[in-house]
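Student: What follows is each chain in one-letter form.
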Amino acid sequence: MATIIFYILAMTALAATGMCITRRNPVHAVIYLVNSLFAVALIFYLLGAPLVAAWEVIIYAGAVMVLFLFIIMMLELAPTEQPQGAGWRRWAPVLLFSLIILGCTVALMAVDPDAAEGVPTYYASPRIFGYTLFQEYALAVQIVSFQLLYAAVGAYYVGRTPRRRQEAG
Amino acid sequence: MIDWVTLLLIVIKLVVILAVVLSMAAYLVLAERKILARMQLRHGPNRVGPFGLMQPLADVIKLLTKEDVVPAGADRWIFLLAPALAALTALLAFAVVPFSPPVTILGREIPMVVIDLNVGVLYFLGLSSLAVYGVALGGWASNSKYSLLGGIRGLAQLISYELSMGLALVPVVLQARSFSLTDIVMAQQGLPFLVTNPIAFFIFVVSVAAEARRVPFDIPEAENEIVAGFHTEYSGMRFGLFFVGEYINMVILGAVTTVFFLGGWHGPILPPFVWFAIKVLAVAFFFIWMRGTLPRLRYDQLMHFGWKFLIPLALINVLVTGAVLLWLGN
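In order, the protein sequences belong to chains B and V. Heads up: the first sequence runs through residues 326 to 494, numbered per the numbering used here. Heads up: the second sequence runs through residues 148 to 477, numbered per the numbering used here.
Derived from the structure by calculation, the hints contain no laboratory data. Among the hints, erroneous ones may be present.
What the hints assert, rightly or not - Coverage of chain B stretches by chain V, computed from C-beta distances (three or more under 8 Å per stretch; other residues unrestricted): (1) 329-337; (2) 385-394.
What the hints assert, rightly or not - SDA-like mimics (lysine to any residue), calculated; alpha carbons at most 20 Å apart, straight line: (3) V:292 with V:163; (4) V:292 with B:401; (5) V:455 with B:480.
Backbone N, C-alpha and C define an ideal beta-carbon position, used for all residues, glycine too.
Next up, chain B with everything else stripped away, as it sits in the complex (with noise of 0.2 Å):
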């Protein structure tokens, strides 16, 4: 049962990330994404970390998508142009990275068959999760947590009025 709705999660995110990156209309393109991180989201779930699913829909739907958004209605963004240039321009990176990946599946698979199984169901709640992140993890999460801070203070810096940042010279 898990297996059939895992295929079909794995479909509707592949599709709706493919519709995402060729639509026109940058709208669509946002709702085509949204669409894509749900299925993801459900995948976590069925992978037994909803923790993990929740917080997919919060910040990357909820939020991150939310922000793209108001990018783009403040901004007017008029659906893109086709680009001009030859077919094979286009095409030509995609498959390239397409098959890099899939070269790297293969040969994991092949130097070491037990990778194909994948890691075994484990269900992660929240407690757990928590415990894992803030205490095993802790160090990592403060550094992730500083680069984040510095992100904000930059994008202040950045974000000032030209009046004021000549001010402080």
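Assemble the complex: chain B is given as a structure, and chain V must be docked to it using the hints.
Tutor: Same frame as chain B, now just chain V:
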């Protein structure tokens, strides 16, 4: 093997919840009009049926028979789907709200909640952050300046107030030591969290009013600035869906306020379900009262209040609550 009895019970619960919430939303519209009228020394609707009680029915018939206009240049599919999205996200949130302790019928214990997720609080937060898509996409798809402005305002407002709402719930989770809504109600057996953490309650109620776009935070649909905001171009039952969605939202937000801060179904003498309904209606009445009393905020005032006052206050409250709980634990 599928457990058919459990499945049947879930379907029954869903049907009952849908019926109760929809009729409650319809009658909240009437209640709001009546109460506002009384506050402004008027009578309010009193022509259809005794005391105007059939007014919601008359409204539905009127809205259903009106022409469903799609403006030229609108993004047709998104325009048609946006109102449903607004009502749907509000309805879905009811799945995790427990409205009574488990009931035993024929030797089978039936929990009075559709599904008791162990990440219930996050499920509610996720859905409330998705609620903005209906507003934003409806405003964008209308292809009208006023609608677009309303949609943008809705987006900005929701991003701002979602943060303080989430932060106001952190002390609740800290005190209950669980993300499950049933456990949170159980933790308030003695004292509701309203008493133990009034600051979190204040932040939550203000953020909830902003999330539901109620006066004084109804800037996305400010009539005297941008006509009717995101639903300017909507007519007939699609407008009705946006409208009902707002009231469904009021019911669900009243319900979660009850669960998080007012002690859920706990209360003396009366049965638990009645207590739950009384508390939800009291929160709804408070929102209506606020609409009859307060003037609308200006857009910059709203943003400043959210980012410079509510969010810092919520962060300090999280810190203090954590420290006190740690101190009590030792």
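Student: Taking only the CA atoms, is the gap from residue 455 of chain V to residue 480 of chain B under or equal to 20 Å?
Tutor: 18 Å, holds
Student: If you look at each residue in the region 329-337 of chain B, do at least three have a Cβ nearer than 8 Å to any Cβ of chain V?
Tutor: violated (count 0)
Student: With a cut-off of 20 Å on the C-alpha distance, tell me whether residue 292 of chain V and residue 163 of chain V pass.
Tutor: 41 Å, violated
Student: How about the region 385-394 of chain B: do at least three of its residues have a C-beta closer than 8 Å to a C-beta of chain V?
Tutor: With 6 residues close enough to chain V, the hint holds.
Student: Are the Cα atoms of residue 292 of chain V and residue 401 of chain B separated by 20 Å or less?
Tutor: Holds, at about 11 Å.
The structure does not agree with the numbered hints 1 and 3 stated previously, though it agrees with the rest.
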